[in-house]
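Trainee: Residues per chain are reported as follows:
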Amino acid sequence: MNLLAAALTPVHQRYLLEARQMQALSFAVHIPLVAFGISFPAMVVFVEWLHRRTGDPVYRTLARRWSRVMVALFAVGVITGTILSFEMGLLWPNFTATFGGVFGLGFAIEGFSFFLEAIFIGIYIYGWDRLSPRAHLASAIPIVITGFTGSLMVISVNAWMNHPGGFHLVGGKVVDINPLKALFANSYLWSELIHMYIAGYMVTGFLVAAAYAYGRLRGRWGRYERIALTIPLTIACVAAPVQVLVGDWVARDVAVAQPVKLAAIEGLYRTTDGASEHVLGWYTDGQVKYGIAIPHLLSLLAFHSWNAKIQGLDTVPPSQRPPINVVRFAFQTMVGIGTLLALLGLLYLVVRIRRRRLPTSAWFYRAVVLAGPAATVALIAGWVTTEVGRQPWVVYKVMPTADAVTGAGGIPVGYGALVVTYAALAGAVFWILRRLARAPLDQIDAESPPSPPSPAVA
Amino acid sequence: MLQTLPLVFALAGLALYTVLAGADFGAGFWLLFAGRGESADRIREHSHHSMAPVWEANHVWLIFVLTVTWTAYPVFFGSIASTLAVAFFIAALGIILRGASYALRSGTARRRETRAVDTVFAVASLITPFALGAAAGGIASERVPVGNAAGSLVTSWLNPTSILIGVLAVASSAYLAAVYLAADAARIGHPELERAFRTRALAAGVIAGAIAVGGLAVIESDAHSLFEELIRDGALAAMIASVLAGAATLGLVWGRRFEAARYSAALAVAAVIGGWALARYPTLLPGLSVHQAAASHDSLVTLVVAVIGGAVILFPSLGLLFRLTLTGRFDPHRDEVHPGSAAAQALRPAFGARLAVALLIIGVGLLNVATAPWAHGIGVVSLFGFIVVAFFAVVPRALTEDP
Ligand code: HDD
Ligand code: HEM
Ligand code: HEM
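Chains as they are written, first to last, in the working numbering: chain D, 1 to 458; chain W, 1 to 403.
If we strip away everything but chain W, and leave its shape as in the complex, we get:
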């Protein structure tokens, strides 16, 4: 139980990453396939703006998955990271390029610049999900043995199953993004964009579904044992759930019920991850079970406590962010400023300067002359006090004086 819990966290994080960051990657995809002319520009703008404020937050899920995995299942992490190094490295380069072009875009002024930056962004948005999907395919098809780079650096992620899952990752990202962007367009009341993304969502949904179903044949021949496990018990149920959710999404998009489609699309993608996990459990890598890979009892307990504690703070904050961005407005009432009482008057400079010098002398005495740890503690606090008091003694007058 304890040994499985972190795996559940990591998979939940992975599902959230696939859905949330996947939608961002997909938005990059649509930058590339926006067509030409003015309506294409609008499509690009829409794709870009929609993800702007939540971009960073969505991508931290990957960090979460990595850190939980290496803390809870160190050997598993070391084995996959070393054997799949090439795929991960490509994903990493994609992440750099994507992030950099994202940051750059806010500085672009001319159309030509914007287009160039968008192209880099879009290409990186294809590479990253493909590489991560290919890595997942290598693990799923048992091509990663336990050991320090013990598997092939090439075929571990360039093989039929990996390519299938990589392509599927790109297609489902495009699909998710189109559904979300259609929903956003509907909410801001932009029928032209809504139509454009509705068509895209339907097309991408059909293609992603076809790849997923056709892909079963690839898995059957390339990774037969995985196939066997996928069509059993819980895994089978998850697969069926995914198909149903995918079909339902198409129906909802067709009927322009985009808000509901948002969630069923997410479910369709998340169910695939759940199905894979159920199929393989309790095996992580050939010859390595969850129980063998798990870190020691104390490490797991502290990790679980930390994750739960973190979640208690995290989810309300995340809720706030999404509420703000989804409703567009958060707290319309504005309170007035309080002019006059400038920070300056709080501390009279002459007094502040003397206090600062006193704190500095105390700090030096306790930190640099004394040797006891408690003295160091107080010494550091006094030195911080010096920084704050000296800052307030010096800065306010500078703000009001003439140049």
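With the rest of the complex left out, here is chain D:
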């Protein structure tokens, strides 16, 4: 039946690197917004629920303010996500043409999930004064759920790319496709998903808290600000230590499924029994220079055994190794930031529970101001580890990225245009967030939702 299953023929693309960078740029813009999509609705609902329980108007004001930020960021999340969907064809047509039947289902379900998210965000925002309080609160629950299912679907595709299954290759043709097995019967999926989901809460929590911590350092501090700081900060601070634990789980899955990626992360050239872990340093000539070596730690962490054998980069030819230092640096950045944030989180929890108050030191609030951007950096660094660490494969050990790329010319032009557009977009988002932050408190509460009450185009 399937006469053309061999799909499109790979072509030589001079600008493969630019295509990869274009993809990376688009992700780096999309993913922090996604973090808000995953977790911000839950925070907004929690505050609205507090209003319902206590009747205290301060919660209502806060929920309304946050929901305006939520819609603005959601709108930007939608467009950057749409760009990513386009890029699946614009940059990697052969990847899609060859494996669309295997992984496409994930994106199709994701599409529905985002559809529902968009619908209920519309209802939630539009319904502030039109729905009964109970119905309004209920209308937010699908937003929280679809934020989760949406990332579940995307991550299932990414997990499949990293640990492919659910099909066979026979003479270059993809046969015996079982999309459900490919996407969901994948051991790699769960650790990746949970790690990303918690990252979403950390990034949003620390970023929102950072805004109010900054305000506190400059003297803006009242009941409203204290509540607005405490809720996101507490979520982020309890999530941060858990993220370190989940990260350990992810790393063990990588060790089993992608030994070369692990070797790149650690800069391990020779296959070694009882390998040591190198902290910091720089990889050259098959070893890590200027790093701190901790004997046996790598074997212990990866396989829970003192002398476990760790595969080195020497197990594959040089053309099949990712750029070691990029992966290593990204990984160390993530783990370094993750550890510091976990310590910050524990400090906060101890002060809260022991002293029964918020920390008072200005240094604590300075650290929180930094924690927001730092968590975002860790988020992107984590994705760089995953994606660059998978190179030169787009589907691990099945399809090289060079075979997936488009044959169309003009990639540098597109890349340049995208850089300019995204720079403008970033400026615009910054501007609107400042605007929303500056609007006086009572104004927001009195004013109706962002879309004034007039009937809509059907």
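Quick caveat, the hints were computed from the structure, so don't treat them as lab data.
Computed from a prediction, not measured in an experiment: that's the story for all the values here.
For glycine and all other residues, C-beta sits at the position ideal for the given N, C-alpha and C.
Be aware that a few hints might be false.
As the list claims (entries may be wrong) - Pulled a few chain D residues facing chain W out of the computed Cβ check, cut under 8 Å:
#: 1; residue: Phe120
#: 2; residue: Gly122
#: 3; residue: Ile123
#: 4; residue: Ile177
#: 5; residue: Asn178
#: 6; residue: Ile231
#: 7; residue: Thr234
#: 8; residue: Val398
#: 9; residue: Thr401
For this one, chain D is given, so just place chain W with the ligands on it according to the hints.
Mentor: Frame of chain D, contents of chain W with the ligands only:
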């Protein structure tokens, strides 16, 4: 049958996108041609407000079309995306600019800012439908061969048929939007706006109709085989239906029966897409039929099941959104709040903290020390339990204490 079903879904999605998002694009068009002075400001406000709450939802239809296409007809998708890359890229930039200016507008305070943002919005609203229409024209006129960027990057979307369809896309968007905005103005009881958009709807309808009919001559000379197929059997019937629906809409708008005009206008546009599909079926690209392009049996079955399952959830939700926005009011009765029983008291902090620590220890044991998958599962659940319990142990008191 199975191999055609996803195509039907994709075309239905495309028709919905053309109609719903088309009306949004058209609203952007009218921002640009609102005229001057105070009445122009009102026209702009009206254009903008009408689409606000449904904007995101309308545009997800495009995502739906893309994902169904690449899952069900991967080779077809790879070929068009690579050859028509320039047109799609322009559409993508238009979508970014449109979305960004949409998000920005809610933050604008001064008139000058609003105008600047509106202009970007309006220009992006022209570019995007034009580029998407031009891409469709390239496929329709057989300028996209099978292969990785095997066709011309320029003439595949800059040719007589593409330009025709691009312009038609812009004109019909403007037409749809004017009809819808007139209907909205009539419902909120604003005669001045109603008159303004009625005139616009009539003018845009006549122009779009003229382009469509005149365009047949362009297709006849530029894409002769498409023309032949368009005037046969089912395709011809669809074309006639479109003309009739278009004419009926003009009559309805003339007679100020806007609600009915909403649907006939949508029908006129959707019928064109149906006609194109019927004309070409079963060919997708030169030398590539629906059956050759279709993904494997299992992929199609799961996709169809997923789409139907998704639709069962989606359509009621969409209905809710439209009901809410179209009637302006959904559930007027308000129930009272329950003060007093603050979340705080649900969990006593001291107990909560101990429970949290216990969950954390269990989680570490099962996730980080044990290696069996089932242990990992329970470990993750305990860690989530830790997050929730610790949050509730810590947060409530902070909400009531003094700064
Ligand atoms: C707030 C963000 C954040 C923080 C603090 C951490 N991570 Fe992470 N990490 C991510 C955000 C992230 C991520 C962006 O979400 C990634 C990319 C892919 C994924 O599943 O999660 C990721 C990937 C990722 C990978 C690669 C997975 C792969 O290649 O498929 C490993 C091995 C770790 N992480 C390990 C850790 C460890 C041991 C951490 C402890 C300190 C840690 N991460 C903290
Ligand atoms: C499905 C098709 C995909 C393709 C073809 C693809 C391919 C690529 C390529 C080639 C890069 C650049 C690597 C480099 O710079 O060396 C990249 C980076 C990246 N990808 Fe993927 N990827 C895909 C899916 C995903 C998915 C589903 C996710 C997330 C769930 C993801 C997240 C990322 C991130 C975060 C980066 C790096 C960002 C940065 O460097 O700043 N990718 N991808
Ligand atoms: C190849 C990769 C990706 C593609 C094609 C993609 C596509 C999209 C699209 C089309 C949207 C807009 C949905 C709408 O219109 O409502 C979107 C938003 C979203 N994406 Fe992505 N995305 C990708 C990567 C990711 C990653 C890495 C994540 C995170 C795990 C993610 C999670 C989300 C979420 C939660 C939203 C909801 C919008 C928001 O809340 O801001 N996506 N994505």
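Trainee: Each hint needs a verdict: does it hold in this structure or not?
Mentor: The hints, checked one at a time:
1. Phe120: holds (7 Å)
2. Gly122: Holds: closest Cβ of chain W sits about 5 Å from D:Gly122, inside 8 Å.
3. Ile123: It holds, given that the least Cβ distance between D:Ile123 and chain W is near 6 Å, below 8 Å.
4. Ile177: Holds: closest Cβ of chain W sits about 5 Å from D:Ile177, inside 8 Å.
5. Asn178: holds (6 Å)
6. Ile231: holds (6 Å)
7. Thr234: Since chain W brings a Cβ to about 5 Å from D:Thr234, closer than 8 Å, the hint holds.
8. Val398: With Cβ-Cβ at 15 Å, over 8 Å, it is violated.
9. Thr401: At about 14 Å, which exceeds the 8 Å cut-off, the nearest Cβ of chain W leaves the hint on D:Thr401 violated.
Taken one by one, the earlier hints fail for this structure at numbers 8 and 9, listed in ascending order.
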